[in-house]
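Between the sequences and the hints, there should be enough to build the whole structure, so can you do that?
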Amino acid sequence: MRAGLLGLVMAAALAAATPVWATTRVVTTTTDLAALVAAVGGDLVAVESIVPAGVDPEAFEPRPGDLAKVRQAALLVRVGLGYDYWVDAIVNQTGERRLMRAGESYLDASAGIPLLEIRGQSVINEGGHAHGVANPHYWLDPENAIIVTAGIAEALVRIAPGERDRVLANRQRFLAELATRRARWDRTLAPFAGVKLIAYHNSWPYFARRFRLDVTGFIEPRAGVAPSPAHLAQLISAGRKVQVRAILHEPYEPEDAARFVAQKLDVPVVRLAISVGSLAGTHDYLALFDYNVATLAKALGARRP
Amino acid sequence: MNEVGDALALLALPFAASVVFVLMHAYLGVHVLRRKIVFADLALAQLSALGATVAIANGYPATSAAGMGYALLFTVTGAALLAPTRGLARHVSQEAFVGIVYVVATAATILVVDRLPQGAEHVKKILGGSILTVDPADVAKFTALYAAIGLLHWLARQPLLALSTENQAAGRPRAIVWAWDFAFFLSFGIVVTSSVATAGVLLVFSLLIVPAVIGSIFSSRLSVVLMIAWGVGIAACAVGLAGSYALDLPTGAAMVMALAGFLPLAGLAKALVVVGARQRRANLRIAVTTVAGCALVALLASSVWLMINPTADQPLLALVERATGVGPAWLLGPTERDTFESATRDVLRFQAEVDRLDAMEKTARYQGKPLSDDEIRRIASYQQSFNEMTRGERFVQETLRGKARTRARWIIGAPGALIALLGLLALTRQSRKHHASGSKPNGVASNESAVT
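Protein chains in written order, with my numbering: chain L, 1 to 305; chain B, 1001 to 1452.
Hint data in this document are derived by calculation from the structure and do not stem from the laboratory. Since the structure is predicted, the reported quantities are computational estimates derived from the model, not experimental observations. Glycine included, C-beta positions come from ideal geometry on N, C-alpha and C. Any given hint could turn out to be false.
[Stated by the list, open to error] Taking lysine-lysine pairs in the DSS-like style, the calculated list, with each CA pair at most 30 Å apart, reads:
#1 L:K196 to B:K1369
#2 L:K196 to B:K1362
#3 B:K1433 to B:K1270
#4 L:K298 to L:K264
#5 B:K1124 to L:K69
#6 L:K298 to B:K1036
#7 L:K241 to L:K264
#8 B:K1141 to L:K264
#9 L:K264 to B:K1124
#10 L:K298 to L:K241
#11 B:K1369 to L:K241
#12 L:K264 to B:K1270
#13 L:K298 to B:K1369
#14 B:K1362 to L:K241
#15 B:K1124 to L:K196
#16 B:K1124 to B:K1036
#17 B:K1141 to B:K1124
#18 B:K1362 to B:K1036
[What the hints assert, rightly or not] To give an idea of the chain L side of the interface with chain B (calculated C-beta under 8 Å), a few residues:
#19 L116
#20 V225
#21 A226
#22 F260
[As the list claims (entries may be wrong)] Okay, the calculated bits of chain L under chain B, using three or more residues with CB under 8 Å as the criterion:
#23 200-214
#24 242-255
Written out as structure tokens, the structure reads:
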């Protein structure tokens, strides 16, 4: 009883000691960006993702509460490239200039990223999620985190110039840890360089480039349109020819087609997390890669003679 | 060769599954048509999807025994909700009630999934289905289940059919009517729940309704209706599967289109084959007049549209241009034509460049020396430039096409409209003359004998 009271008093004192006004409210569209903001901002920021963990960002529908969330944000960080097109509608509704493109509270994390698979038509399809000018899954290359965190650090320093050193130190610490793990991930996946894979959607080009994997085909090339038998037959016969070793499957998608192709090719279906929090054990950015690298290596290694 | 073998192996199981589906669903479809509640399948399927989602929310996989149990529980609830609607039919249409059940079940599913995103894939599956990847164990399961339900329906055929046909279920105790209705909806719900997870909502609905409608066009005797429905249903599924393979189309949607395509065919068959010679001639005349009339109206509208707004989209003209291979070039001067053709060539050239860079980058991901980030950026900016240039050339093409169309405005538009008008006039004349001469183009068999 007494100890409890003491604890309460101490907690109250601590809460008073932490200046509430110092925390910067950051809102991101996805959990991946939230994880990177948390890594750079540390306890200087209170970060929240609009899309909750485990929800498909490409099938997300904003709700009324998100409007208030965005309006109160000191910084809004988005994926861009048409991936989170819906945030534009929210921002327009808040009517705040600072949150709009080129505003001081707006950060498009894709700025400066070496983009893959530039498309001819840059039409951002709002209903189905046709990808915009380039493939948007760039956070799945750990090297791109260096560029994204640079943008985040710059934006945070702009908002709170007094915290410059802490922000930069946080970022350095994160990058050092990233480099250590990066070496480990490279080592784990090195034996599988050039391995042929089939993916459910075209979500892995950045991951494949960094870890030297060859994604030869997709089960559902157009998101939301069921594959045709001709496509599956072609996928299976080509997959047999080049000796595909696994099917990458992402959460939120029905597994029938992936399992079907895997069965025909006699290879495993590997469920990989496409975003932080989309599968158990992927609670932050580094854990996302820990999980994906380990899961993939295990699935591929199991079939090695 | 190998690919054809793969294709046959790929399509054999879906075809077997669709035959099993047709046999059960066409029969239930006849019931549903007679009861005038065609959307009951959607309502029950959606309720079972809600059940499966709730199961996932409670931590059971949708395919586990508990998952099935939840789905079944919700389906039973649905059957219990739908069974007493017969009494409502006196005041409002039963269909209204069925619709409400469907909409509420769908909304509830969305709300549950919103709390629990892991259920989303199940909902996607219910909507789209995946008949293409059905596995042999599933087909065996369907066969056993449908055989059992079919047998029960055969044993209870008298009360079930009577209740489907009579409106008021005259003279029967209310409790017994309710019990039979409940039994019907329950069996119906179980069938639909099992098939929707494989074939998807759209295909299951088509399998239920379309063959039964086609059968009912030709006869009112159950045995005849069923024979026709089964035959047509199986044929349409085969056509849909083959078409889906040959034309590289999503299977479920292609099968729905094939089933729907048999409807006008059945209509034609009814009007032109299953009737007497006299009636056939009259119907043929109506058919020809209708088709010619529609074509002429389309020509008229398209010509007028060309005259009003030549640079807008001209679907019919574009279709003719594509079919004949005669582009807008013949209306352009020599310099313009050169520009048009070089723009066409350049579009292809630029796109080939984009593709070449794409292929190069993709190969470098896993083969040879990896490309540096700066090299990737350079490739991306080349590709962006090529895309911009392509867009420029497309703009040139569009402008010149617009120019050609503006010239075609009077050359093609005016004669087109004139021909269409004359044609329509002739058509009206013809049919009026026919009318006056005493023949009744629309007469049914009994009328016809009266006239003669």
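Now for the hints, and whether the structure bears them out:
For the given pair, K196 of chain L sits about 18 Å from K1369 of chain B by alpha-carbon distance, which is consistent with the 30 Å threshold. For the hint linking K196 of chain L to K1362 of chain B, the alpha-carbon distance of about 13 Å falls within 30 Å, and the restraint holds. Simply put, K1433 of chain B and K1270 of chain B have alpha-carbon atoms about 26 Å apart, close enough for the 30 Å limit, and the pair holds. Under the criterion of a C-alpha separation no larger than 30 Å, the hint pairing K298 of chain L with K264 of chain L is consistent with the structure, at around 21 Å.
Straight-line distance between C-alpha atoms of K1124 of chain B and K69 of chain L comes to about 29 Å, which keeps the hinted pair within the 30 Å bound. In summary, the hint linking K298 of chain L to K1036 of chain B is not supported, as the alpha carbons are separated by about 56 Å, beyond the 30 Å threshold. Of the supplied pair hints, the one linking K241 of chain L and K264 of chain L holds, its CA atoms being roughly 13 Å apart against a limit of 30 Å. Distance hint between K1141 of chain B and K264 of chain L is fulfilled; the C-alpha atoms sit about 21 Å from each other, no more than 30 Å.
In summary, the hint linking K264 of chain L to K1124 of chain B is supported, as the alpha carbons are separated by about 24 Å, within the 30 Å threshold. With a CA separation close to 23 Å, the supplied pair K298 of chain L and K241 of chain L stays within the 30 Å bound. Restraint check for K1369 of chain B and K241 of chain L: satisfied, since their Cα atoms lie roughly 24 Å apart, inside the 30 Å limit. With a CA separation close to 45 Å, the supplied pair K264 of chain L and K1270 of chain B exceeds the 30 Å bound.
Taking the CA atoms of K298 of chain L and K1369 of chain B, the gap is about 26 Å. The hint holds against a cut of 30 Å. With a C-alpha separation of about 19 Å, the suggested pairing of K1362 of chain B with K241 of chain L holds against the 30 Å cut-off. Proximity of K1124 of chain B to K196 of chain L is assessed by CA-CA distance (about 28 Å); at most 30 Å being required, the pair is judged to hold. Distance restraint check for K1124 of chain B and K1036 of chain B: the Cα-Cα separation of roughly 28 Å lies within the 30 Å cut-off, and the hinted pair is therefore satisfied.
At roughly 22 Å between alpha-carbon atoms, K1141 of chain B and K1124 of chain B fall within 30 Å of each other, so this suggested pair holds. A C-alpha spacing of about 57 Å is found between K1362 of chain B and K1036 of chain B, which places the hinted pair above 30 Å, so the restraint is violated. The interface hint given for L116 of chain L holds, since its Cβ lies 7 Å from the closest Cβ of chain B, which is under the 8 Å cut-off. About 6 Å separates the beta-carbon of V225 of chain L from the nearest beta-carbon of chain B, less than 8 Å, and the hint is met.
Taken as an interface hint, A226 of chain L checks out: its beta carbon lies about 4 Å from the nearest beta carbon of chain B, inside 8 Å. At a threshold of 8 Å, the smallest CB-CB gap from F260 of chain L to chain B is about 4 Å, leaving the interface hint in force. Figure legend: the stretch 200-214 of chain L, annotated as covered by chain B; annotation consistent (6 residues with Cβ-Cβ distances under 8 Å, at least 3 required). Counting residues of the stretch 242-255 of chain L whose beta carbon lies closer than 8 Å to any beta carbon of chain B gives 5, which reaches the threshold of three, so the coverage claim holds.
Checked against the numbered hints listed earlier, the structure breaks hints 6, 12 and 18; every other hint is satisfied.
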